[in-house]
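Enquirer: As a plain string of letters, each chain reads:
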Amino acid sequence: MEQVIQGKSNENRNPENTGEKVVVARHVKKAFDGLVILSNVNFNLHKKENIVVLGKSGTGKSVLIKSLVGLVEPDEGELKVLGKDIFNLDADEMEDLRREVGYLFQGGALYDSMNVCKNMEFPLKRQVKKLSKGEIKDLVEESLESVGLIESMRKMPSELSGGMKKRIALARTLILKPKIMLYDEPTTGLDPVTSREISNLIMEMKEKYAISSMIITHDLACAKLTADRMFILKDGTLDIEGSYDELEQSDDPWVRAFFD
Amino acid sequence: MIKLQRKNSTSPAKEDEVNEEEKDVSFLPVNVQDFFLTMGGLTKFTGQFFKNVFKPPFEFNEIFKQAYNLGFKSLFLVGLSAFIMGLVLTLQVKPTLVDFGAESFIPAMVTISIVREIGPVLTALICAGKIGSSIGAELGSMKVTEQIDAMLVSGTNPYNYIVVTRVLATTLMIPVLVMYADTVAMLGSFLGINLDGDVSLSLFTSQVLSAIDFSDLVPSFSKSVFFGFAIGIVGCYMGYNAGEGTVGVGKAANSSVVVASLFIFVIDLLAVQITQFFI
Ligand SMILES: Nc1ncnc2c1ncn2[C@@H]1O[C@H](COP(=O)(O)OP(=O)(O)OP(=O)(O)O)[C@@H](O)[C@H]1O
Ligand SMILES: [Mg+2]
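Protein chains in written order, with the working numbering: chain E, 262 to 521; chain G, 3 to 281.
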């Protein structure tokens, strides 16, 4: 099958891509019960770059980003995140690394037993660096403000709509000012207006804090707004790669299927 | 240590991994495999508990909250069951003892059986049902909705916050509930005696107190501590390792109760052996 653009040749197409690599994946493989999900994943994520991954449901997009934070352990390959080899970290080192990486779960994963405010404070209160009560309150308010949900501060997760949960979850992740953000379908299930707000927020965080992001989405509007580079996960590889326009103009029927 | 691994098992989160030799045990029947896998997992999980329990941050608020949720909210159920148990036991031994003209032994006999055996075991079984299943289901749903993963990813240790707090809460609360159950059961017994008799509360109390001594209370209290620990750790283990989806949550709740109840009987059996050895 013809690929849009072959692997390494375009690595420096985007001027920002000359920067340092925050994630390097080489020949990453993962199988569950003999069922191969990722067969040969190769990609780089550069500092202050957004990459978007498209892919059909069940192709292993979530597995891919989970492996970047050690929630899923790949079987083979090389995987470096912020210069650290994921395969050779002990529990403490992994904990340290995870503090640098934010992860927005597909379902939000808000803590059901805590209200929104407690949800936001939870990671902050358990950081190595102790913050004062006032600092925590300011951070929480600022974060909630940025997703437009300051008035929901005292609500329980069960009282929130799906979209609100997602935005709170996003705020809870961004409050830690991670170096890398992994977004698992940040706009799925949201109306177009809120989706655009979230996409803009992703861009704003990138500019403001030089965050590198990997965004998994089915939402082309979000992809168009946020992507520096795009990948399509197919047959366990990320071999189909290009900018949004390149992929959109591709005549590969497989790629076309996403845009039509 | 050899790590048992079924062919199709997925590898757990990385931090639990110790470099152990993996042995394929797929020649054993599935039930036997499951039994050993659960026991092995539980042993490792308990080890992790002791590794984490002295490690900051200490979640005192959460321990208190769980002690209230798990302990205080079981008072009614445990109290009612214990009251009925004391009453029924009294009513059942009464005719026999009356035949032998040994009516005055009723308080002593009921006290001994309640304090030594029925109080702790009944309370523990009720709590395995009520508390064990609720821990299993709660942690199970936290697991399947990725809340535990979310804690991990934010660089906090979910084990400290979720498991250690609950296990400490049950370990502290079950002995308290047992003492409470013993007391309420005695009140039931008092009522049973007075349904067609006339024994004053002070006489009853003095008979009860003279019947029990230190060698009854210490083993009873100690085994309650172990009951509490077993209920907490089993519930947490099952929830923490719940399978996918709502089915996983149901299974976690169910196996928490089954395995914890089994453990209660095993601990009871061990306790009686140990007690006889020392006394
Ligand atoms: N822990 C696991 N154990 C066994 N199989 C798993 C596990 N996690 C994921 N899988 C399998 O891996 C495949 C990919 O799952 P994944 O969640 O990554 O899909 P996805 O691309 O994110 O799909 P969606 O767009 O629906 O979220 C699925 O077939 C799933 O059944
Ligand atoms: Mg997914």
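Calculated directly from the structure, the hints in this document are not laboratory data. Among the hints, a few may not be true.
As the list claims (entries may be wrong) - Straight-line Cα separation of at most 35 Å, DSBU-like style, residue types lysine-lysine; simulated pairs: (1) E:Lys308 / E:Lys391; (2) E:Lys398 / G:Lys253; (3) G:Lys96 / E:Lys386; (4) G:Lys53 / E:Lys440; (5) G:Lys53 / E:Lys394; (6) G:Lys75 / E:Lys341; (7) G:Lys75 / E:Lys386; (8) G:Lys96 / E:Lys394; (9) G:Lys57 / E:Lys416; (10) E:Lys317 / G:Lys53; (11) G:Lys96 / E:Lys379.
Said to hold, decoys possible - Restraint-style ranges between C-beta atoms, simulated for each label pair: (12) E:Ser318 / G:Thr45: 50 to 60 Å; (13) G:Gly252 / E:Ser318: 41 to 51 Å; (14) G:Ile281 / E:Met417: 46 to 56 Å; (15) G:Gly42 / E:Asp294: 17 to 27 Å; (16) E:Gly409 / G:Lys57: 45 to 55 Å; (17) G:Gly252 / E:Met464: 35 to 45 Å; (18) G:Leu99 / E:Met417: 34 to 44 Å; (19) E:Glu281 / G:Lys57: 33 to 43 Å.
In this text the structure is predicted, and so the values were computed from the model without any measurement. Idealized CB from N, CA, C, for every residue including glycine.
Enquirer: Hints the structure violates: just list their numbers, smallest first.
Expert: Result: hints 2, 3, 6, 8, 10, 11, 12, 13, 16, 18 break, sorted rising.
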